[in-house]
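Trainee: The task is to assemble the complex, starting from two chains supplied on their own in separate frames and drawing on the hints.
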Amino acid sequence: MSSVDSGMRDEVLGHLSDIKSVLDDKRFFPYDYNALIVWGIVSILLSIFLLPILKSSLMLGMVFLFAMLILAFAIEGLLIKKENVSYDIERCTDKQKFIASCYMLASLFGVVMTLLLAKHELLVPIYMIWIFICGLGNFIVGYTINMSLFTKSGYVSITISVILLAISFGIDDLYNIESIFARVAQFMTILLLGVVPIWQALIIKKECSVV
Amino acid sequence: MFDPILHQAIRSKLVSMLIANGALPFKALKEYLKLSDGNLSSHLKKLENAGYIEIKKGFEGKRPKTTIYITDEGEEAFKSYIEELRVFVEQN
Chain A
1 MSSVDSGMRD EVLGHLSDIK SVLDDKRFFP YDYNALIVWG IVSILLSIFL LPILKSSLML
61 GMVFLFAMLI LAFAIEGLLI KKENVSYDIE RCTDKQKFIA SCYMLASLFG VVMTLLLAKH
121 ELLVPIYMIW IFICGLGNFI VGYTINMSLF TKSGYVSITI SVILLAISFG IDDLYNIESI
181 FARVAQFMTI LLLGVVPIWQ ALIIKKECSV V
Chain B
1 MFDPILHQAI RSKLVSMLIA NGALPFKALK EYLKLSDGNL SSHLKKLENA GYIEIKKGFE
61 GKRPKTTIYI TDEGEEAFKS YIEELRVFVE QN
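Chains as they are written, first to last, in this note's numbering: chain A, 1 to 211; chain B, 1 to 92.
Bound conformation, chain B alone (with noise of 0.2 angstroms):
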């Protein structure tokens, strides 16, 4: 009914905050919703796989930065997921 990707706690709070900050580090979401490395980057997976999101892998100095980007068809796909949501609440 809802899209799968979406419709589920952490991936769309992961997916709100990038709408709210556009770029975040793995770092700064894993801070914030409190995951552990796994558990964030199997979620971070979906939606890369989704072609939601965008993971670059970089260098800052010498330590390694990986940096995660809300692509156009993620806010789309957000902004689809949350008209759904709404039109459900009205209609029940």
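Just chain A, same shape as in the assembly (with noise of 0.2 angstroms):
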């Protein structure tokens, strides 16, 4: 090959590279991550608090959970929104509405969930429950905006509560909150769905102020 060829394949090479990074890349997906530090705390509250709620009346457990999660996507609609501005967008990307839907229709799945769950006095697997409807959102908006860090907790979070869903199968009474497995549910759930999000949060902030 002549270096005038060589010279080419390079520049060739470096076209296609640049090509492939704008169609993968995950920077142009307009998102607020703060959203997903606010999703973090509202995760480790819902934690801490939801259960031992339900327990003393499910009425007010769902007023609560209805609460949260609705303070946490009306601060995340409204982070987004003006981050579109920013980019002159609108409304919402494609994207946006995709993710947004998936992640209101899980919601709602886990609501009714926890309704059923409780009213049956199971208190325990609905941290499962959330865990792996959590990890089933990280795993389609990792795959939908090819960010590994989102498809990869969403691998971990599923197969985590798989587990421990199999584990309560052995579990006696799954009513009671303050057993050693309610407790280990409960971490799980707190790292799963509060740090682990802060953390990936931080993480993209970061790398985007490198960037």
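No lab work stands behind these hints, which were simulated from the structure alone. Treat the numbers as computed from the prediction; the structure is a model and nothing was measured. Just to be clear, a hint being listed does not mean it is correct.
Derived contacts from chain A toward chain B, CB cut-off under 7 angstroms, selection only [unchecked claim]: (1) D18; (2) L23; (3) Y87; (4) D88.
Beta-carbon label-pair distances, calculated as ranges [claimed, not checked]: (5) A/E90 - B/N49: 19 to 29 angstroms; (6) A/S148 - B/G22: 23 to 33 angstroms; (7) A/V63 - B/D72: 46 to 56 angstroms; (8) A/L105 - B/E75: 28 to 38 angstroms; (9) B/E54 - A/L13: 24 to 34 angstroms; (10) A/L108 - B/T71: 33 to 43 angstroms; (11) B/D72 - A/K55: 52 to 62 angstroms; (12) B/V87 - A/L116: 54 to 64 angstroms; (13) B/G22 - A/D173: 49 to 59 angstroms; (14) B/D72 - A/E90: 18 to 28 angstroms; (15) B/E76 - A/E90: 20 to 30 angstroms; (16) B/T66 - A/K152: 36 to 46 angstroms.
Positions of the beta carbon are idealized from the N, C-alpha and C atoms, including for glycine.
Mentor: Below, the structure written as structure tokens:
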């Protein structure tokens, strides 16, 4: 290969690499990652307080769950709207619409499952249901916006929720939220739905500030 | 050898963005590609003249807003361009 051909080949490879980076680029997904921190905090609060409240009153627990979810969705919506304005995007992009719909439908499913499980005095599996739902959500987001950080955390959450659900077959009292098993499930919920999203947000914000 | 309109770093990125997103506001392209208004307009003009994109100017409330759309011709040209690049890399 002559040096001219070699130079041309490098140029073409450079072009292909540039195009691939744009097509795969995670940066062009207008999203304010502070929303992820909000979700992390809301998840920690729900993980700590939801089950004790549900135990004392089903109605009060559902109100608390709804209030926290609506609060988080509202804050996220406002942050995304602000972000979109900076890009002159009128409403939202198709990706944003798809991801928001997925999470809303998944949350609705989670609320119904929470109500059903609480009614039948199966409080501990509520942790696993939410870990699974959020894990699935993360997996879908990771795939949609091509971010392995989310895909991997999705895999981990789904796996842990299934393992905990499998273990719960051997637990007699799933209404006792003071048991060691309940504490382990609660700890995993706080870790996977609270700490991990906050950590992800901080990593992405750091990456974006470097770029 | 390659499509001279697409075989340029900024324009190939620009068309890639439009392919990935369908249509985008001028401001989004400008922010993402870190270009000045004039520089972006000049690249858009070349793509529009080639029939690869469509530029629609309108208003959002009282604010003017320019949205860029990829045309069918643009999509086809981009696919052919990528194919040409791929064949070139394979043969060299």
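Trainee: Decide, hint by hint, whether the structure agrees.
Mentor: Going down the list of hints, with the structure as the test:
1. D18: Constraint on A/D18 satisfied, holds at 6 angstroms.
2. L23: It holds, given that the least Cβ distance between A/L23 and chain B is near 5 angstroms, below 7 angstroms.
3. Y87: holds, 4 angstroms
4. D88: Where the cut-off is 7 angstroms and the nearest Cβ of chain B is about 3 angstroms from A/D88, the hint holds.
5. A/E90 - B/N49: 19 to 29 angstroms: For B/N49 against A/E90, whose Cβ atoms are near 27 angstroms apart, the range 19 to 29 angstroms holds.
6. A/S148 - B/G22: 23 to 33 angstroms: Check passed, 25 angstroms falls within 23 to 33 angstroms.
7. A/V63 - B/D72: 46 to 56 angstroms: Holds: the Cβ-Cβ distance is about 52 angstroms, inside 46 to 56 angstroms.
8. A/L105 - B/E75: 28 to 38 angstroms: Given a distance of about 31 angstroms, which is inside 28 to 38 angstroms, the answer is holds.
9. B/E54 - A/L13: 24 to 34 angstroms: holds, 31 angstroms
10. A/L108 - B/T71: 33 to 43 angstroms: With a Cβ separation near 39 angstroms, A/L108 and B/T71 satisfy 33 to 43 angstroms, so the hint holds.
11. B/D72 - A/K55: 52 to 62 angstroms: Once the Cβ atoms are compared, 60 angstroms apart, the range 52 to 62 angstroms for A/K55 and B/D72 holds.
12. B/V87 - A/L116: 54 to 64 angstroms: holds, 58 angstroms
13. B/G22 - A/D173: 49 to 59 angstroms: holds, 54 angstroms
14. B/D72 - A/E90: 18 to 28 angstroms: holds, 24 angstroms
15. B/E76 - A/E90: 20 to 30 angstroms: holds, 28 angstroms
16. B/T66 - A/K152: 36 to 46 angstroms: holds, 39 angstroms
The earlier numbered hints are all upheld by this structure, with none contradicted.
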